[in-house]
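Note that the protein sequences, when read in sequence, are chains R and A.
Numbered by my numbering, the letters in the first sequence go through residues 1 to 374 in order.
Numbered by my numbering, the letters in the second sequence go through residues 1 to 304 in order.
Bear in mind the hints are in silico, worked out from the structure with no lab data behind them.
Worth double-checking, as some hints may not be accurate.
[Stated by the list, open to error] DSSO-like mimics (lysine-lysine), calculated; alpha carbons at most 30 Å apart, straight line:
| id | chain 1 | residue 1 | chain 2 | residue 2 |
| --- | --- | --- | --- | --- |
| 1 | A | 56 | R | 291 |
| 2 | R | 264 | R | 295 |
| 3 | R | 4 | R | 40 |
| 4 | R | 264 | R | 291 |
| 5 | R | 260 | A | 140 |
| 6 | R | 64 | R | 4 |
| 7 | R | 291 | A | 140 |
| 8 | R | 117 | R | 24 |
| 9 | R | 291 | R | 362 |
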Amino acid sequence: MKIKCAKQDFIESLQSVQGIVGAKAPIQILSNVLLEAEGKDLLLTATDLEVGIRRRIPAKVERKGAITLHAKRLLSILRELPVAEVALEATDGKDAEIRYDASYFKMFCLPKDDFPKLPQFDKGGALKLPRGPLADLIRKTHYAVSHDESRYVLNGLYLLLSKGSARGVATDGRRLALCDIPADIPEGEDRGVIIPTKAVLELGRILEWKKAEEGEKEGGDTVQVFLGETQAAFSLGDCTLVTRLVEGHFPNYQQVIPQKVAHKLLLGREELLAGARRMSLLATEHANSIKIALKKNRLILSANAPGVGEAREEMSISYSGEELSIAFNPQFLVDVLRNLDEEEVALELTDALNPGVIRSGKSFLYVIMPIRLT
Amino acid sequence: MEEAFLDLTGCRSLLGPPLSAADRIRAEIRRELGLDASIGVAANKLVARIASARAKPRGICLVLPGGEEAFLSPLPVRAIPGVGPRAGERLRLLGAATIGDLGRIDARVFSAALGPGWAWLAVAARGEDDDPVTPPAAQKSVGREVTFPEDTLDRGLILAELGALAGSACRALRREGLQARTVTVKLRYADFQTVTRSAALGEPTDLDGEVHAAARGILEGAWTRRLKLRLVGVRLSNLTGGEWQPGLPLGGPDRGRHKRLCAAADRIRERYGDGAIERGAALPWRNRTPGAREGRPWDTGFQG
């Protein structure tokens, strides 16, 4: 294999795939990135056996071939190279040489045949999701996924595709975030899959970062989704993410969405977020709650941590219902409020024991279980 | 037997002279709890404790300041808290049968004969003690452990015991309104090698099932030698109280129900005794380790 390509392209694409490469990969080759030169492209692939990312960048291919190199080390070397174009050559598949001026780096390779093969998907079976809305869906829900491995079906985003729309649901069992986006899903393609957290985060990153790059190009704003039985792939422009799906049934999330609420109020999102952030400054391991009290035309946020201090803030609101006091984990409030865009959110409460709901527009809903103070 | 210290300094105008205050305390314990209490009144904790022991079963013993030496002198050396049968025997060989005899021995001899750290005995023999009366420290951990009647490889039995210990420790937490963030499991092999392992819980808990599951996971990881176990223990630490985060009704483990279940079981045990309700998993082993069900407090050297 012998190629030349722009250093900046190489660095950026390597950065985008190396999020997958673990610091402590269980198998040596998983610390490596697969480099394949073919046609006019260089393909970079990294995987941790659960999630894989493949990127394609333009390159001058003088001799095609494939090698694997230690991803992090290669990236550090590229960053320090004093040239704009990288020349990389591997003759016998054992070493790769990076030449610049009269100098070189020689890096040890592992054979490409040892590198795990990413699954292939039938290009014809792709569903199409709009990039921007899918990025929003991930941003508005990803933080609610569970990291508790004992309930592994919650360790990911539930993506539900049905005619004309896509829905994302994430929950850690204490709060639940749900977001709907319009999508061109044909009838009969209904499907619900659980995408592991790592893949969700990587996909979110790819979509955000592709925003500027691909937004203008035709077709650059559509994500092609391939769903297999146990695996799925998301493809956007020159980048493809392949992931294993979480097996099992996502719980019936509908039943946690309160059907009736007693009190509903509209609040400024930024104002509530700033207040919740300030109250959370007092949070300790032992007192990690923020109290919301509703009084006539007033909303009072307060926090009290024994041995630390207390804080109280008032917001003017339009409210004439009965007085109510409820406590939440401040992080649960901050998480949702900072990931929304709208100026106003609707806060729906019933009493101190029943879940509260935050709505933003018609497409977003967040259910949050209150903390009980004993 | 429970004991408690009360510092009466400056309380004369409030409670009267020490002797009548002691009499009132004794009468109130009798009336409220139906129990006999003995009381020792003295200028420091050490002498008060010895005096209280002399006043058993229901007397009051007053040692006036300055009278300590005369009070202690005729008493056997074993009357000093901390002097057990072995130390008592060593002291007898040194010619000290009574506390008065100790005063005639050079303090350095105690360290030489009984080991380093025994120099305090000379001070105690004079009836001196400057340890202040302080409120008990906030509880830092709750531990339970059990020694099997016979060393065992029986996983079922070991897990059942672990469950019972977890339940007992959780009950102690619930009584205090506390929850734990850390679970520690101790196991001792037949050859007395002892292993302790801890794990942090995602969420503070006082629920039997959650602690049992965590303890079980720790035990599986810690029990690496193919050797019988003679002891297992569970300790809950990193305690917190006051707040509780219930879960959404997602059909998974419902913490609200779990909490109500534990509370109901607590009420049953309160009324009908500890053995009145148990987890089904423990039943096959129920009669094999009589009396071990509750476990005993995790012994010293491990109070975090």
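Results of checking the hints against the structure:
1. Taking the CA atoms of residue 56 of chain A and residue 291 of chain R, the gap is about 53 Å. The hint is violated against a cut of 30 Å.
2. Only pairs whose Cα atoms come within 30 Å are accepted, and residue 264 of chain R paired with residue 295 of chain R is accepted, the gap being roughly 13 Å.
3. For a cut-off of 30 Å, the pair hint linking residue 4 of chain R to residue 40 of chain R stands: about 10 Å separates their Cα positions.
4. In summary, the hint linking residue 264 of chain R to residue 291 of chain R is supported, as the alpha carbons are separated by about 17 Å, within the 30 Å threshold.
5. Distance check on the hinted pair: residue 260 of chain R and residue 140 of chain A sit about 43 Å apart at the alpha-carbon level, beyond 30 Å; violated.
6. A C-alpha spacing of about 11 Å is found between residue 64 of chain R and residue 4 of chain R, which places the hinted pair at or below 30 Å, so the restraint holds.
7. For a cut-off of 30 Å, the pair hint linking residue 291 of chain R to residue 140 of chain A stands: about 28 Å separates their Cα positions.
8. For the suggested pair residue 117 of chain R and residue 24 of chain R, the alpha carbons sit about 20 Å apart, so the restraint of at most 30 Å is met.
9. Note on residue 291 of chain R and residue 362 of chain R: the hinted pairing holds, with a Cα-Cα distance of about 27 Å set against a maximum of 30 Å.
Checked against the numbered hints listed earlier, the structure breaks hints 1 and 5; every other hint is satisfied.
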